[in-house]
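Protein chains: 2
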Amino acid sequence: MAELKQALQAEAKAVDHMLDLLLEIPDGAEARLVEAMRYSVLGGGKRIRPFLVMMTSRLFGVDDQSALRVAAALEMVHCYSLIHDDLPAMDDDDLRRGRATCHIEYDDATAILAGDALLTCAFEVLADEETHQDPNVRLKLISELAKASGMNGMVGGQMIDLMAETRELDLPEITRLQRLKTGALIVFACKAGAILGKTGELKNHALRNYGHDLGLAFQIADDLLDVEASVEETGKKVGKDAERGKATFVSLLGLERAHEQANMLSEQACKHLDVFDKGTDLLRQMTHYVVNRRS
Amino acid sequence: MAELKQALQAEAKAVDHMLDLLLEIPDGAEARLVEAMRYSVLGGGKRIRPFLVMMTSRLFGVDDQSALRVAAALEMVHCYSLIHDDLPAMDDDDLRRGRATCHIEYDDATAILAGDALLTCAFEVLADEETHQDPNVRLKLISELAKASGMNGMVGGQMIDLMAETRELDLPEITRLQRLKTGALIVFACKAGAILGKTGELKNHALRNYGHDLGLAFQIADDLLDVEASVEETGKKVGKDAERGKATFVSLLGLERAHEQANMLSEQACKHLDVFDKGTDLLRQMTHYVVNRRS
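Just so you know, the sequences run in chain order H and S.
Counting from 293, one number per residue, gives the positions in the first sequence under our numbering.
Counting from 293, one number per residue, gives the positions in the second sequence under our numbering.
In short, the hints are calculated from the structure, not lab data.
No experiment lies behind these values; they were computed from the predicted model shown.
It does not matter which identical chain is meant; a pair holds if it fits inside one copy or across any two.
With a cut-off of at most 35 Å between alpha-carbon atoms, the simulated DSBU-like pairs for lysine-lysine come out as follows:
no. : residue 1 : residue 2
1   : K563      : K538
2   : K570      : K439
3   : K305      : K490
4   : K439      : K305
5   : K563      : K338
6   : K439      : K490
7   : K439      : K338
8   : K532      : K305
Next comes chain H alone, as it looks inside the complex (with noise of 0.2 Å):
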């Protein structure tokens, strides 16, 4: 695990190297809002969805700057996500990253406009030449980074989250909640590499089934965090699942079958990577990393 903490540091540095160069300040009144982009984007967090698009990228020997720029692309969708869930209209949280959310360090429509800027910049930098030479590959990883973040992905199954503090939710309904909410970027982030790479169907779909088990992994492990962990550990609040009633994967299925759904999909995960020869050592690492980790 130690060799994984240290990849994903080392990735997180690249990444916020390249997030730094493309959001520049600018000299007008609306600086205000890229310190607001910079501060949410640039502050911390475990970066495992740029990590995932770097690693997958190396497996087709994929230029690094190409991957850089769409794992920051990534990374301002997820960011942007998080800004707009941690506003009073939505979640109301206070704390994200061990830090004051976008909205209580600056205001509220700051926030909302630093989250709307930050999902634009996303597709503006995948449409630039510098990201790949191919138009057609910038235009799959625009189009399915579109199709992963919006009404039928990231942003649908918010709504569903939503809908769900008003009526309780079954495992089937969790389960798509979840694959929409969290699953779907997780798996953009997994096929990058391979749209990046221009490779064939069969890693291609590994790439995308290894992503859907991760994410899904990894969902779980959050909602037995919310139980188990505390909020020094975790950066933000815990206990929230429970105070506001809402079902989870540990309120439908015990603390201990989540436990072992958890540990199962992450070996599920590692099976698909069977496919390739060599160079899956950490994204084989994720699997137990993202069951396992505290924060």
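With chain H held as given, fit chain S onto it using these hints.
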């Protein structure tokens, strides 16, 4: 003007039909999200931006289906900005296009997500090969729309507008604010036809300049309407700027000079169209319409 109004209505109908096709209501609990998106995007409006896309596309014989998809994507971005702008944390408006705003009809959280999903969907639509067979045209549209609507465009302008509540802006600052906040999307609308038609620099610049002057004239007229028109005419709250003590073209120039300036810009916009031999009648009428409208 009757000819223009008829043409505006005809194009609005065609764009509405395209938006209806693109925003299919799904089966799951996220149906509410797409209903809110449809409520806002199919809720009337003058459809000036889509109209400009259609008219400039016709100058180059662009296929109507291509133009309609771009027009629909642009209207999604415009409507997302209205939804977020109307939120309690922003302008706190409950009336838009003569109807309850999205967060009043639904709720704040749903409105935030509906805006997010519309923005995302716009890029998904543009990336689709049905929009144009040439990948580089699609990428150019995505790149230009992202720039026009992001931190260096519309959202940047909205941020400056927020800052203007605490510090009174002067004329160059107001002009820059409006160039970003409303001008950038109008310029995009005017350039869309040139991008789709793959025309040269001369005509591209002519349409950009037309859009620039038209956009500024539009905004001055908007400031005048806020002073001179009624709620019944505009379908939205009026007298807002004065109430908030915000500087506008009218407060800085006075009524008479604001009217003069709008008319001057309208004529100037027309002149840019002289590089075209024909097909610009409705675009010329549009320059008069934007300064003489009552809504």
